[in-house]
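Visitor: Each chain, written out:
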Amino acid sequence: MSPDIYIETGTTLKWLLTTAWLLPLAGFLIEVFGGYWSGRKSRAAAFLAVGCIATGFVCSLIALLTWLDAADLNVSDIWQNPRAVAAATHEVSEATHVDHEHDADHAADAEHHGDHEHAVPAHSEEEHHGHAAHGNNPLKFAFNGTFYTLAKFGRIQITLDYYIDGLTVLMFTMVTFIATCIHLFAIGYMSDELTESYEDHQVHLPGGKHFHRPGRFYRFFSFLSLFCFAMLGLVLAGNIFQVFIFWELVGVCSYLLIGFYVERKSASTAANKAFIMNRVGDFGFLIGLMILWTWFGTFQFANTNPDQTGEQGLFQMVRTDAGAIETEGEGLNRVAYMQSATGEHLLGNDGQARRIPYWLLVVAGLGIFAGCVGKSAQFPLQTWLPDAMEGPTPVSALVHSATMVAAGVYLAGRFFPMFTPEVLLVIAYVGAITAFIGATIALVVTDIKQVLAYSTISQLGYMMLAIGVGGWLAGLFHLITHAFFKSLMFLCSGSVIHGCHHEQEMTKMGGLYKKMPITCWTMWIGVVAISGLAIPITLPYLGAISFSGFHSKDAIIASSLSFSTLNPTHSLLFFIPLITAGITAFYMHRMWFMTFFGKPKDHHVHDHAHESPWVMCGPLLALSFFAAFCAVGGESGPLANLLLTSEPTHVAGGVQAAGELGLTLPSHHEIHECHSQAGMMALLAALMGTVVAYLFYCKQAVDPALVKARFESAHRFLKSKWQFDEIYDSMFTRPVHVVAKWCTGFDREALDRFLHSCASLAVGIAQWDRKFDEAVVDRIVNVFGEVTYAAGRTLKGVQTGRLRQYVMFIAAAVVCLFVVLFLFLPR
Amino acid sequence: MESLLFTIYALATCGAALGVVLSQNVARMAFWLVVSLGCVAGLFFMLNADFVGATQLLIYVGGTVVLLIFGVMLTASGPFNTIKSEPAEMIQAGVIGIALLAILIPTVTSVDWVGNRDTLSHAGVKSPSGEFNQQGEGGTSRHIGAALLGVRVDQADASAPSEAHEHHEADHDHGHEHAHGEEAHSHAAHDHAHAQVSETNQASGYLLPFEIISVHLLVVLIGASYLARAKRRVEQPTS
Amino acid sequence: MESVGLSGYLIVGAVLFVCGVICMATKRNGIGILMGVELVLNGANLNFVAFSQHTHLGLDGQIASLFVIVLAAAEAAVALAIALNFYNNHLTIDVDRAADLKG
Amino acid sequence: MSVPDLLNHVLHTDLPRSVQIFAPELVLCGTIVALLLVRMFDAHRWLPTSWVALFGTLAAFVGVFAQFMYMKTDGEHESLKGMFHFWGLTADGVGTSGPYFTGLLTHDSFAVFFRIGLLLFLILVEALTILTGIPDQDDGQDFYTLLIGATIGMLMACGVNNLLMLFVAIEMMSVPSYVMVGFLKGRKVSSEAAFKYVVYGAGIAGVMLYGVSLLSGVLGTLSFPELGSRFALLMGDSAFTLSNPTAVATILGIMLILVGVAFKLSLVPFHFWCPDAFEGASAEVAGFLSVASKAGAFALLIRFALAFQGTAPAVQTLCLIFGLALGVVSCLSMTFGNLAAYTQTNLKRLLAYSTIAHAGYMVMAVAAMMVILSGSKDKDAAAACVSGLIYYIAVYLFMNLTAFAVVAFIRNQTFREDIDSYNGLATGGAVTKLVSVCLLIAFVSLVGLPPLAGFFGKFAIFSSAFRAGSVHWFLWVVLGLGGLNTVFSLFYYLRVLRAVFILPPADETKPVEIPGMVGAYVVLITLPILALGMSSFMGDLDATALDVASQLFHI
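Protein chains in written order, with this note's numbering: chain A, 3 to 829; chain B, 48 to 286; chain C, 2 to 104; chain D, 12 to 566.
No lab work stands behind these hints: they were computed from the structure.
Being a predicted model, the structure only gives us computed values, none of them experimental.
Heads up, the beta-carbon is just placed ideally off N, CA and C, and yes, glycines get one too.
Each hint should be verified, as a subset may be incorrect.
Here are the simulated distance ranges between beta carbons [as the list claims (entries may be wrong)]:
1. His-88/D <-> Thr-151/A: 22 to 28 Å
2. Pro-737/A <-> Trp-484/D: 53 to 59 Å
3. Ser-732/A <-> Met-528/D: 50 to 56 Å
Can you build the whole structure from these sequences, using the hints too?
Guide: See the structure below:
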């Protein structure tokens, strides 16, 4: 691609994506101010919101096409000859990043790395906007720049940057598309709110009545728009600080949306919980930010400016051309050198090479990951997510597929170059544990949305696991496919709930497939996709006959298998996801069978069930199409190729025995080798799960109740969600309450009690003193004294004596201060 | 003689202060307070701080305590005249007080004041004391007056004692008009002092606080009179 | 002169100071508390004047004590006004009655 | 020496320069006199006292602003030449930083910057009181006299260079505020609050004065610049140990003085007056006290802390102990303030506790500065601490003023201040909605969420503590607690916002209607919270703050 085209493409993409990003904000502003006056019964807000997000989708789609065109990953080419292109991409990426030779000829057919080797700034024809793929740059293909400098704070520059690469464009398209579907769906789902007096059946007022309030149709849509704006901003962000800003905004929006039915106590608690859990993670994020800023002095991801003006981005500083972290020393003294644009050590102001203690790099990575843990509901902060089901179903769909939880995985993927092997190992284990916990709890819950919620947790764990074991592609691949099928299933469950008049318990459903066929079969697509089922026949161009989930999950299992082969001590990282795959298939089918098949368990529900209107079914069909086919071609299909273009440099070649722990990350090649083996195992597990679920819940061959009774204690343990809430309650919530109470009561309680104990100690003296006073001194004014005493005694009940306690406390504090000081002073 | 006088004053001061603490009747407290403050004035005189001592008597004993007694009278109504503290509180306060004393007294007494003074003098810090009080005892008012106008005569004297002596002779009580009455003095001395003051920054004159405190007093009196007067009365010009 | 020394004065100052603090902490009569304040300030003042005689502080110490006396008078005036105001509102000068604000 | 001699003497020392620098304060003194005259000649019927006060303050503000611009541009600013000339600014006078009034005060851009902030704040508070009408026509003269009188004390506190002036400044800012707290003299709680405040304040003043006397006696001087060097001289080579009585007496004196400063900053454990005084006082006064006296006290604290600089090992140890003590106090204040705010029902009281917590955050910067100075000679890092603090105070000014102003305005409508009375505030009229949004912005900024200004302030302070942690680990503990506290603080602010935005209004009350002027005022003071957070103003402020702080360290 020539420089001119590069500039042109960059500018086009920038404006397209900016439009897509800002439209929801405009929508939000109009809705929040205009909605109030347009009345409670108007659907205008909804149409506006849909219009904004749909236009955003169109823009994103155009951007995607532009990008494909520019990257020469022509859609038609891919369809005609996906293998060839994929092969070329693989070949070239490996050639470029492993060998680092001037291999332009070799890569001539895939011209987008035409200037790989031109790391030298003097390369004049590439001077202008040659894309970021020169040698030093881990970025194959990216555009970045600054919209607006928000503020300068000493050395910190807070800017609104953009950073556009394949991942960005793909995320944009995915988010806007799913959001459009969900918006449309919500028009139908939220139509109850189009009233002046909405009756909330779940809020019971004294006297057996339900709570009445004005409908909040426009409010819902304005929040949705704001949510989309925040998420898109996060994706578009070009520096980690901007990510943080939108990160928080996403948190706030989720707070508002989860707490939409604020009058329900459960909803407001859930909203609080979500927000607070996220804040806990964000604290880690902040620590990471602080370390990055202190040592690197920049927040920018990368500088893709071809003429190397401007500061280096984080990714460029931390890794060499080959994508390795250059370190020196051992243990805590180990330091990592920062890299300059020309592949040398970056020099500080004093002429010394700039270095960062390796352990700080690890801490920074862990800190950033802590943010991801909060946002993506990973162990141990996963408990907010199921509670977040209190929000309206479209919100759940949005939160759980395309936006909030995806943000964490997205950031982990985006920030991958900054993660050292140690951090990756933590990520992998956290992901594995999360996947397992989520899946096991999903086995026992009976609320249809809760099943989906736990499956989300589990799937997010998968993604984190994949990223942790070095399967960058697999993780983000799964992120995209999961977004489609999970939003599909949520909307399906929404349709069921809508059809059953807000009944969410699966134990009261059953046999609904006749009543709502569209919902039933679209959901089936989702279930098959998430279970990773496939027919093990490989077609020439399309890979195995399967839906999207198979491909991505297959990739994850393959990555973890190859990781555990290379690092045998961590073989658990392969077995957990494998087992989980089986469990996943089981509980998803359990849900599907329980809902749609078998005998109707509650006739009241069954009789009133009806298929949803077209405004709701339409999105289901659209989403089911993508859930089925978006990953066609598997890892050599168009989606994976698109993702590969933004994969960090060092992933493809793998990493040999790096870090303190000597971890080896698998290369593409190694993953590829064990692909079929892993695929077969995963498929086997999934099939087993499916068959068992069929036997249990459709065929009724085994009575689930018996099993439940057999494993009563395990069931109870799972039912109480591994006791996490209880643990947190007793570990954090209660102590904080106690301390808070103690602090407020300190003035009154502690001091008073102190005084009282002194008083009781001195009560003998007091009485003696009183007698002495009355008998000897005050005999003349005895009566007067009596009155005084009585009055004083009466007043004593009222008084707390606080002012003097204050003064007493000054003296006591001064004394204590000195005693403490003297204790600590050297003698 | 000195130490005897000091012992009497010190004991009287401490005893009266203790009396304030221990007496339960507010009028008696006021009495003990007067005694205590008066004895402090005596200690001031012993320290050659005549002007401060006089001010202490005038403002404290004559003014502040009278103010307090006014307060006692205005607020003393019937049964609340004697409001007793509980013995328990006295004990508690006594414990804290003894702890404070146990910290303060060893600290201040263990410091080697003379040694420190010598250390500083050896290090070249000008010794400001000595001349201004030992020559003419009680001859401080004039220095204070000048200092309040922003001129430090004593600091100038310290480095040139021979010239400084002649000024001390002219000391007589100028009251608290702060050196307004000082007239007949040689220009030579003035020039000398001038040179000293302008070339060293160490000697600080106290013109600013002297003047700004008058503003402060004005503000405070306006505030006090606001609180004291009844609400919504037709205003009289205040202060 | 030197027979007494600095320490004696400082001890008296410390005793005054502590007596003042105790007075403030124990008196239920508002006016009594204000008397405690005067004692505390006098303790500090005695320190100032003693230092003025015996250390490099010199005349500064005496001047400082003068300012303190004036400031204390101002503070006493305000404190009395507030105490009277308190008395007018509560019809007592017992500070233990001041218990509406807490928590 | 004759009177003419004396006068001659006075006039030929630094008096002209001092008067030139001190002119804005003198204008304020003049305003007080003018207020008195207005009352005396019964002119306040047609010349409202509030306007006299506002005009005088504006004039003083312009004066300080001219000084600041003069210092910044070395008097070269073309368009301001006239203003410089009007205030008689000269290169020897305002243009040169250094002590004035024979070393009692210091003149540098740090002091001038704080004076600008204080006067700006005074103007805003006066505008607020005009809008709320809390001192009515009859009491206006008294109120503004007290307000301006207290502010003069704070202005002096910014340049304090002498232990005596430290005491005088603290007294001057405290004593008028005692009366202001009790200004609603007919109300029981008000008089109770004032009484508690005055007794507590007087007691602390005594304690602090004792510390001043002790310190000045040990070191034999009152002047700040000499404290550190005298201490080094006295200690010689000996180490800072408990067995060295001079060291102990010095640290005793310093600690007692810090008690006084901690009282002004309402730091735990010397905070007891704060909640009571704020609840009893009117919201306007509480807002004034929460910001202005704090800003003055912080300037004073920094000046006092920087008096103990030096390379001698004993001085270094002293610095470290100083910093660590402040760190401990910071921990206590943050935690106590935030936790105690949980269960409050009165919004002013809640804000008082939040004030305590914020003082804790702010003092963290001073602790970090002292620790950095004790370990390394990295003056840039120390200056960064101070500039972070300045930024925080500037932002805090607007955040807190907005919060208290809203409380005052709502009180004027509903006659209530408890949090329940804010239920469903956002359902009121258009202006009420606007005010609610402003309250939201102020509170979110107080929590410290980006991209509002409060976040960046907190960030700056935390990062300075982070840097100081490499000198002494304890600052990392403080930092950790600070981070934890931002989480704690979320709850009670959100509780108020929940009342405002989410809870339905009580049925019997009619919706709150707020006049348009008030809305305009609230928006005006809210805008800086946004502007200082995410626009280029933030960079300007930060650059200025760093500049100002660097001058403090002579970099």
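Visitor: Are the hints correct? Go through all of them and say.
Guide: Verification of the supplied hints:
no. : hint                                : result
1   : His-88/D <-> Thr-151/A: 22 to 28 Å  : 26 Å, holds
2   : Pro-737/A <-> Trp-484/D: 53 to 59 Å : 24 Å, violated
3   : Ser-732/A <-> Met-528/D: 50 to 56 Å : 53 Å, holds
The structure is inconsistent with hint 2 alone, although it conforms to all the rest.
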